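**Student:** In case you want the letters, here they are:
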Amino acid sequence: MFKNYLLLSLKVLKRKPFYTFISLFGISFTLMILMLVTSMGNAMLGSNKPMTDMHRMVFMPTVERFTPFYDTLTVVDSIVMTSGEMRYDTTYETNERGRMVTNGPGSFHFLDNNLRDLEDVESYSFINSNNHADTYLDGRKVSMSTYYVDADYFRVFDFNFLYGLPFGQAAIDEASKVIVMTDKAAKNYFGEASAAVIDREVEIGREKFRVVGIVARPLVENEATGGDVLLPYTTIDNKELASTTLGGGFLAVFKAVSPEKRTSVIDQLAFYADNFSMPPDQDFEKLGLDASTYLELFADRMVPGDSQNTDPSVWTVFGPIAVLLVLFLVLPLINLINLNISRVFERKSEIAVRKAFGADSKNILYQFVLENLVITFIGGLIGLILAFLIIQYVNANDLLGITRLAFSFKVFLYFLIVILLFGLVSGILPAYRMSRTNIGEALR
Amino acid sequence: MIELKNISKSYRTDTIETLALQHMTMSVPSGEFLSIMGPSGCGKSTLLNIMGLIDEPTEGTMTLAGKEIAGYNGAQMARFRNEQLGFIFQSFHLINDLSVVDNVELPLLYRKVGGKERRRLALEALARVGLSNRAKHFPNQLSGGQKQRVAIARAIVGRPNIILADEPTGNLDSQMGDEIMEILLKLNSEIGTTIVMVTHDERMAKKTHRLVRLSDGERVS
Numbered sequence: 001m002f003k004n005y006l007l008l009s010l011k012v013l014k015r016k017p018f019y020t021f022i023s024l025f026g027i028s029f030t031l032m033i034l035m036l037v038t039s040m041g042n043a044m045l046g047s048n049k050p051m052t053d054m055h056r057m058v059f060m061p062t063v064e065r066f067t068p069f070y071d072t073l074t075v076v077d078s079i080v081m082t083s084g085e086m087r088y089d090t091t092y093e094t095n096e097r098g099r100m101v102t103n104g105p106g107s108f109h110f111l112d113n114n115l116r117d118l119e120d121v122e123s124y125s126f127i128n129s130n131n132h133a134d135t136y137l138d139g140r141k142v143s144m145s146t147y148y149v150d151a152d153y154f155r156v157f158d159f160n161f162l163y164g165l166p167f168g169q170a171a172i173d174e175a176s177k178v179i180v181m182t183d184k185a186a187k188n189y190f191g192e193a194s195a196a197v198i199d200r201e202v203e204i205g206r207e208k209f210r211v212v213g214i215v216a217r218p219l220v221e222n223e224a225t226g227g228d229v230l231l232p233y234t235t236i237d238n239k240e241l242a243s244t245t246l247g248g249g250f251l252a253v254f255k256a257v258s259p260e261k262r263t264s265v266i267d268q269l270a271f272y273a274d275n276f277s278m279p280p281d282q283d284f285e286k287l288g289l290d291a292s293t294y295l296e297l298f299a300d301r302m303v304p305g306d307s308q309n310t311d312p313s314v315w316t317v318f319g320p321i322a323v324l325l326v327l328f329l330v331l332p333l334i335n336l337i338n339l340n341i342s343r344v345f346e347r348k349s350e351i352a353v354r355k356a357f358g359a360d361s362k363n364i365l366y367q368f369v370l371e372n373l374v375i376t377f378i379g380g381l382i383g384l385i386l387a388f389l390i391i392q393y394v395n396a397n398d399l400l401g402i403t404r405l406a407f408s409f410k411v412f413l414y415f416l417i418v419i420l421l422f423g424l425v426s427g428i429l430p431a432y433r434m435s436r437t438n439i440g441e442a443l444r
Numbered sequence: 001m002i003e004l005k006n007i008s009k010s011y012r013t014d015t016i017e018t019l020a021l022q023h024m025t026m027s028v029p030s031g032e033f034l035s036i037m038g039p040s041g042c043g044k045s046t047l048l049n050i051m052g053l054i055d056e057p058t059e060g061t062m063t064l065a066g067k068e069i070a071g072y073n074g075a076q077m078a079r080f081r082n083e084q085l086g087f088i089f090q091s092f093h094l095i096n097d098l099s100v101v102d103n104v105e106l107p108l109l110y111r112k113v114g115g116k117e118r119r120r121l122a123l124e125a126l127a128r129v130g131l132s133n134r135a136k137h138f139p140n141q142l143s144g145g146q147k148q149r150v151a152i153a154r155a156i157v158g159r160p161n162i163i164l165a166d167e168p169t170g171n172l173d174s175q176m177g178d179e180i181m182e183i184l185l186k187l188n189s190e191i192g193t194t195i196v197m198v199t200h201d202e203r204m205a206k207k208t209h210r211l212v213r214l215s216d217g218e219r220v221s
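From first to last, the protein sequence lines stand for chains A and B. Sequence positions in the first sequence follow the UniProt record's numbering and run 1 to 444. Sequence positions in the second sequence follow the UniProt record's numbering and run 1 to 221.
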């Protein structure tokens, strides 16, 4: 029976080319856009290398120093008589009215001395991502963002090493002049990203660094993973390491032992900041450690909100996107339902004939739902191919800047679910209506 | 074969109740070729629809092929139609998207019959109506008479005991009408299929075993 329905579906689609074209156009275009949006979402927020463990990560991009100002409010609760004397029962409330703030990455000195002993942390890394280097090769200028990192950086972030290996603690201790590059940087600099690049030298700031590893460029370059080249932090300008001020050029990323323990890490940082006694030579009274999850960090970068509470901005960013997505899915769905209703209405007499010759309502329902699924799958396949081609084009030409689109099995799975839902929802209602066709009336 | 007892059918709207059939009692023995005549709107098609389980009577009982039909649900009626009944309509009602042979196969789709066997039976039915050479054509490539022959092939492919024909020659010229009538008469005499045919054509009705006349929803002869 299934085979018959399937063959019939294909026959019907072939015999009605205009309807088939209109339906396929709508379905494939909608699904292509959905695929692109999904793959963009997956690239930006999915657990892809080197952020596979993003759900365990806590980012601390800045160290805040501030002095709050308070308002004192006097509230008279009651008037009481005690031993013949009248007395006001008064409470005082102090509300923060504002604060004087300075904000920026922390110094290596501060991070090194204060944040190495957090509990529930599996690994952590201090990263200096503030530098750029212009190098010249054969008279050609190559501009690269240089990240100075520690050995644990490669434990926190699981970079995909295409060739070679990361540098280890020994390289840090000895301030070895070694370098890990992304494949893109290697191509820019050497014209190729291959095993042959390993052990070749890159000149950065008049010093020569030996290439020890080449990593695949991350899909999204954020402030912790966006470096074109990664160098041992001990090779950085000594002033950065020697400075004893609170502010500096380093951000910290902590990887909790489990996703659940991530809150514990954030709480410890908040507790530490609250109880930090500010050195007397500082211009500010208090410390704030701006720790957040990657999602919060992402939302905060898109819509900078109140630094005290980043949670609402997650919804500010993702709420409208979700509404738009739902609308984008629902509008063509309604359109398709409409198209299907008029199409099955045209076939009322066919349905009546089928029922007269023994089809029951269930048979009719199955037939039309399957027909719809077939066309949705064909449309979906076209959408998939189009999306794939667009993704290739966008990535090859870096059209989205720091983001590249991911095309993964997970995206394919979402795609299948969306198609199935699309096909079922747009097919069931018209098919159900038609399965109730009154034979006598339809054949009159 | 077909037993109708006191069958009435009325259609009710908010304001008017129309009586399409009134207290109809009749029986059609197995193997009979019965024709029903009467003016337009006298209830002929309603009667045929009730016999074909396409419409339900408001009153009365019916026995078809020895089975009391009252109380059948939708799926049971569909199954009964599939196994026991074949329909021929005035305007053919072939499915234009399907080839001739696929149209003929249609009743077998709702039975447990394999693809090859279905095709064999459909070609056999087409041979019986003289249309073997048109199996791969589509309905809109056929003449009216050929379409009706395909419809007959579709009606007989499942070897039903009863064929219900609603003005099968009504849309055809007299020569083609005669050809269709010949096929129906042959089916009746050779296989013994019971046929109930609604017609406006006195000439056709005379070729059948018995004629029942209706007027205003009642049997007049």
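Heads up, a few of these hints could be off.
Claimed, not checked - Think about it this way: if two alpha-carbon atoms lie no more than 20 Å apart in a straight line, the pair counts; the simulated SDA-like pairs of lysine to any residue are:
no., chain 1, residue 1, chain 2, residue 2
1, B, LYS116, A, TYR5
2, A, LYS3, B, GLY115
3, A, LYS362, B, VAL113
4, A, LYS362, B, MET77
5, A, LYS11, B, ASN96
6, A, LYS3, B, LYS207
7, A, LYS16, B, LYS116
8, B, LYS116, A, ALA216
9, B, LYS136, A, LYS362
Hints are computed from structural coordinates only; laboratory data are not their basis. Because the structure is a prediction, the values reported are computed rather than measured.
**Student:** Taking the hints in turn, state whether each one holds.
**Tutor:** Going through the hints against the structure:
1. The suggested pairing of B/LYS116 with A/TYR5 holds, with an alpha-carbon distance near 16 Å, which does not exceed 20 Å.
2. With a CA separation close to 10 Å, the supplied pair A/LYS3 and B/GLY115 stays within the 20 Å bound.
3. Simply put, A/LYS362 and B/VAL113 have alpha-carbon atoms about 18 Å apart, close enough for the 20 Å limit, and the pair holds.
4. Of the pairs offered as hints, the one joining A/LYS362 and B/MET77 holds, with about 13 Å between alpha carbons and a cut-off of 20 Å not exceeded.
5. A distance of roughly 11 Å separates the Cα atoms of A/LYS11 and B/ASN96; the hinted pair therefore holds under the 20 Å criterion.
6. About 44 Å separates the Cα atoms of A/LYS3 and B/LYS207, which puts this hinted pair outside 20 Å; it is violated.
7. The straight-line distance between the Cα atoms of A/LYS16 and B/LYS116 is roughly 27 Å, outside the 20 Å bound, and the hint therefore fails.
8. Proposed proximity of B/LYS116 and A/ALA216 is contradicted: the alpha carbons are some 56 Å apart, above 20 Å.
9. Between the alpha carbons of B/LYS136 and A/LYS362 the distance comes to roughly 29 Å, so the proposed pair goes past 20 Å and is violated.
Hint compliance for this structure: hints 6, 7, 8, 9 are broken, all remaining hints hold.
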